[in-house]
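**Q** Put together the whole structure using the sequences plus the hints.
Protein chains: 2
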Amino acid sequence: MSKGILTVVSGFSGAGKGTVMKELLKRYDNYALSISATTRDPRPGEEDGREYFFRTKEEFEQLIRDDALIEYAQYVENYYGTPRAYVEQQLTEGRDVILEIEIQGAMKVKQRIPEALLVFVTPPGVEELKRRLEGRGTESAEVIASRLKRAAEEAEGMDAYDYLLVNDVLEDCVEELHQIIQCEHCRVMRNAEFIKKIKEEAQALH
Amino acid sequence: MSKGILTVVSGFSGAGKGTVMKELLKRYDNYALSISATTRDPRPGEEDGREYFFRTKEEFEQLIRDDALIEYAQYVENYYGTPRAYVEQQLTEGRDVILEIEIQGAMKVKQRIPEALLVFVTPPGVEELKRRLEGRGTESAEVIASRLKRAAEEAEGMDAYDYLLVNDVLEDCVEELHQIIQCEHCRVMRNAEFIKKIKEEAQALH
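Chains as they are written, first to last, in this note's numbering: chain A, 1378 to 1583; chain B, 1378 to 1583.
In case anyone wonders, no lab produced these hints; they're calculated from the structure.
One or more hints might be untrue.
As the list makes no split between identical chains, a pair holds if one copy fits it or if it spans any two.
Computed cross-link-like contacts, DMTMM-like style, restricted to lysine to aspartate or glutamate with a CA-CA straight-line distance of at most 25 Å [stated by the list, open to error]: (1) 1526 - 1400; (2) 1403 - 1530; (3) 1526 - 1423; (4) 1403 - 1424; (5) 1487 - 1561.
**A** Okay, here's the thing in structure tokens:
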């Protein structure tokens, strides 16, 4: 059994990342979502180890000191981070792990885990992004404006990703993400052991 | 319409490259095989521009001087090479071009065209390779021994390839090659124009 691949998914707010990932996990067995640790309080219905690992501030800071997080950040009052142990366990068991995270976090993950695969999700055009944000009908004009400003900043980071995933038709997009991850398993750099075996066998044969 | 991808396919003799490529072209419309130029005489049934571009020695050496070949080599008395114009034309028309070539040629192609995709085809194990070569029943023990020696040399070059394609079940192998090439179209580095457009749109919006 080969090791799983850690795929970091980022993208514009409103690009449909969440739906794509939910559909990917529904359709295929071999994926696991990374579960974040946070110091914020659980909301009704949330379970420790399912939506988040809920930790106290002291516990979280201990995780930081122990280098037990792949990356972390502070928003408002609370910490959010990616526990290394859970991700490593899933990868070792051969599952491909998906981690949804914004650009700064993605860059930190790539630094710590260079073999991570970085995928950026975008709608076919930015007009489409505006339309989707407005179409939700849940956000104020101000929030939409701030999201679009953020999109402009995020667009500047797209070049640091490995793959670009255009979310036009959901079904196609899910299938493409699946294929991208599965094809990555065929990368020469991810098959050092197999190549070593072939080389040794070939040397032995002639 | 986006530009096609040039995929260089190499692999052990007996790994089944030829069958995989024939099946790929039969199953999908969007591929074109690169056609080599050669100075050897056409065999019965071979047509200029179909199996090969048949050229005189003088014409071939003119192609070399004009830098009209992506790579070339001399075997025994004859030249063999990859005309740049035909490949470029297919790529520009949006077709993905497949070029079957041995390792030294593949390395030259990668030097000249860094965005070329290099795929190495191998059976699951080298014992299998020996079995397949012997199973053909057409080669002498001496030829098989020389093929296996060559395989040992070629194995040393595997690390220079992008993807490893294990030809176990033919159907799966063809599908994997197709997916590898199609997923490569999503690579960030192959989508500079789209990314530029998104960046400009995002800047304009907020």
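**Q** Using 25 Å as the alpha carbon limit, work out where residue 1526 and residue 1400 are close: within a copy, between copies, both or neither.
**A** neither (28 Å within a copy, 49 Å between copies)
**Q** Reference check for the pair residue 1403 and residue 1530, CA-CA at most 25 Å: within, between, both, or neither?
**A** neither (32 Å within a copy, 45 Å between copies)
**Q** Between copies, within a copy, both or neither: which fits residue 1487 and residue 1561 at Cα up to 25 Å?
**A** both (16 Å within a copy, 20 Å between copies)
**Q** With identical chains, the pair residue 1526 and residue 1423 could be close in the same copy or across copies; at 25 Å between alpha carbons, which is it: within, between, both, or neither?
**A** neither (31 Å within a copy, 61 Å between copies)
**Q** Up to 25 Å between alpha-carbons, please classify residue 1403 paired with residue 1424: within, between, both or neither.
**A** Within one copy only: 20 Å inside, 52 Å across.
When held up to the earlier numbered hints, the structure conflicts with 1, 2 and 3 and fits the remainder.
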